[in-house]
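Engineer: Place chain X on chain V using the hints.
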Amino acid sequence: MIRLFTLLVYVWMFTPIIAVIILSFNPQQFGSFPMEGFSFKWFVKLSHNSTILDAFKNSLVLGSCTAVLSTAFGVPAAMAFIRYEFRGKQFLNTLLIAPIMIPEVVLGVALLLFIRWLQQPKSFALLLIGHVVLTLPYVLLIVQARLVGIKKEYEEAALSLGANPFQTFKEITFPLLAPAIFAGMLFSFTISFDDVTATLFWATAQNQTVPVKIFGMLRNSVSPEINALGTVMIILTVSTPFLAGYLSRRFASGK
Amino acid sequence: MKDKSWKPWVLLSPSLTAIFFLLVIPICFVIVYSFWLRAPSGADIPAFQFGNYAKFFDDFFYPSILLSTLRVAFETVILCLVFGYIPAYFFYKTRSRFKPFLMLLVMLPFWISFIIRTLSWINILGDSGLINHLLLKFHVISSPLAMLYNEGAVIMGLLQYLLPFMILNIYVSLDGIDKSLTEAAKSLGCTEWQAFKEVTLPLSLPGVSAGCLLVFVLTCGTYLPPMILGGPGNEMIANLIFKRIIGTLDWPFGSAISVLLMVLLMVIVYTYNRYMGINQIFKTLSNES
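For the record, the sequence lines run as chains V and X. Per numbering that gives the first Met the number 0, residue 0 is the first one in the first sequence, and the count goes up by one each step. Per numbering that gives the first Met the number 0, residue 0 is the first one in the second sequence, and the count goes up by one each step.
By construction, these hints were calculated from the structure, which means they are not laboratory data. Heads up, a few of these hints could be off.
Heads up, simulated DSSO-like pairs for lysine-lysine below, C-alpha to C-alpha not over 27 Å straight-line [unchecked claim]:
| no. | chain 1 | residue 1 | chain 2 | residue 2 |
| --- | --- | --- | --- | --- |
| 1 | X | K6 | V | K169 |
| 2 | V | K150 | V | K88 |
| 3 | V | K169 | V | K151 |
| 4 | V | K56 | V | K44 |
| 5 | X | K98 | X | K185 |
| 6 | V | K150 | X | K6 |
| 7 | X | K196 | X | K178 |
| 8 | V | K88 | X | K6 |
| 9 | X | K6 | V | K151 |
| 10 | X | K242 | V | K121 |
| 11 | X | K98 | X | K196 |
| 12 | V | K150 | V | K169 |
| 13 | X | K92 | X | K196 |
| 14 | V | K169 | V | K88 |
| 15 | V | K56 | V | K150 |
Here the structure is a predicted model, which is why all the values come from computation and not from measurement.
Pulled out of the complex, with its shape left as it was, chain V reads as follows (with noise of 0.2 Å):
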């Protein structure tokens, strides 16, 4: 009974992502059932479209970015919840998680009225930065959740013997905690590669982003070209976590 339900609820969760991969390959008109043969037209087509390449390169430049800078400043934030004791800290704990647990709606509003009131125009930089309070919270979580799994005494140890703190970082620490910071940084790029909801409050027709896009031509109707360009984001997207467990598997059996 309960193996049956589980099937079930498995069947419902992917039927719809199925039939949008399917119906990538219908050569018909419209972007619907039935099926009229098997074809890459509209990836064809897709390829010539110079904007979704803009948006597609405007992702991955983003969702690049986002990922180095939310680790850069997750990682010691993560390190000083952890190592170190100091007043306030369940406070800014909490403040630092904060942007979890806030609407993501007003997140976009809020920023795009302070870049108002300081008259700046939407731009590249507003994409990043947003996307970065939106991925902080997840790289701090991660991180630290490893970083208590790995033992002070490692630490201590490398600075009784006499490397220095940032030694003792680059030679123990770092390549302990290297698989929670890789997995920060690929969650930070999905995030970031993935979202809409505050997006679209801070995306400009010139900085769109692959959602954002997607968007804009779902105001038509959902067109062939919508179904395979989903096609294309689903494979990159679940491919990245295979590959990425897949390449760091060989690295450590490879040494």
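Structural biologist: Showing chain X alone in chain V's frame:
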């Protein structure tokens, strides 16, 4: 021993500065703006008055959207609970060697774009979508059923988005339960069902309530499913904010609605934290990677 009390602050300063300037101050701006006036010309005039809030509660239009948001959020929580608990329980019980793979599949939607998952329902529920196509083909119906652009379709989209959060929260809680407890209950004469009801279910409640809170909060703050899958009558509070800010550029009123939404969710999160502790949610979120 040297005084090292400045060290954590050095490590914290980049993220604290970022959060202070990019989150705390902007949110203060939203609060300040919510008291401003909007000139007929569309300009914003600094002021301190409650007109924007009064406007919200003036007639029944805006409060009814607030109420329907809460209703939809409540329905989504209940459905997520039913459709989430059983798979989570299955993962807890199963000894299948496919378990890691099945767990991975549950996480997979996290990696798939929200907008694509939302619009994918059009391919299923639309007039020429999968369900209507199959029903027409087998002559069950003679004209397509209208399944899109209503509350049901919106809830489908929300469920698709939020179910993985619920399943993981419940699973993390179930996974922490010592299995010998149910064995003990059964050896003392409990049936399978009684052991579940008296031991497993109560012990999984922290995960259940964390999942419910997360689903509720996320539902209240989203506008895409109603926009893409809903009709004109299915707008939620976040849609109002989006329309005011992006559509009519009415910053003061949009800010006031944002403040109302924030206060509402803060009351809910605070009450929850008071009784359940918020850490359960963070525990699960950090396990998701």
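Engineer: Next step is simple, just say for each hint if it's right about the structure.
Structural biologist: Consistency of the hints with the structure:
1. Proposed proximity of K6 (chain X) and K169 (chain V) is supported: the alpha carbons are some 17 Å apart, at most 27 Å.
2. Distance check on the hinted pair: K150 (chain V) and K88 (chain V) sit about 20 Å apart at the alpha-carbon level, within 27 Å; holds.
3. For the hint pairing K169 (chain V) with K151 (chain V), the CA-to-CA distance comes to about 15 Å; that is within 27 Å, so the pair holds.
4. Distance check on the hinted pair: K56 (chain V) and K44 (chain V) sit about 17 Å apart at the alpha-carbon level, within 27 Å; holds.
5. Taken as a hint, the K98 (chain X) and K185 (chain X) pair is honoured in the structure, with Cα atoms around 25 Å apart against an allowance of 27 Å.
6. For the suggested pair K150 (chain V) and K6 (chain X), the alpha carbons sit about 19 Å apart, so the restraint of at most 27 Å is met.
7. For a cut-off of 27 Å, the pair hint linking K196 (chain X) to K178 (chain X) stands: about 14 Å separates their Cα positions.
8. At most 27 Å may separate the alpha-carbon atoms for a hinted pair to count; K88 (chain V) and K6 (chain X) meet this at roughly 13 Å.
9. Taking the CA atoms of K6 (chain X) and K151 (chain V), the gap is near 16 Å; set against the 27 Å cutoff, the hint holds.
10. The straight-line distance between the Cα atoms of K242 (chain X) and K121 (chain V) is roughly 18 Å, inside the 27 Å bound, and the hint therefore holds.
11. Taking the CA atoms of K98 (chain X) and K196 (chain X), the gap is near 24 Å; set against the 27 Å cutoff, the hint holds.
12. Restraint check for K150 (chain V) and K169 (chain V): satisfied, since their Cα atoms lie roughly 16 Å apart, inside the 27 Å limit.
13. The straight-line distance between the Cα atoms of K92 (chain X) and K196 (chain X) is roughly 15 Å, inside the 27 Å bound, and the hint therefore holds.
14. For the proposed pair K169 (chain V) and K88 (chain V), the alpha carbon gap of about 25 Å is at most 27 Å, so the pair holds.
15. Using a Cα cut-off of 27 Å, the hinted pair K56 (chain V) and K150 (chain V) is violated, with the two alpha carbons roughly 41 Å apart.
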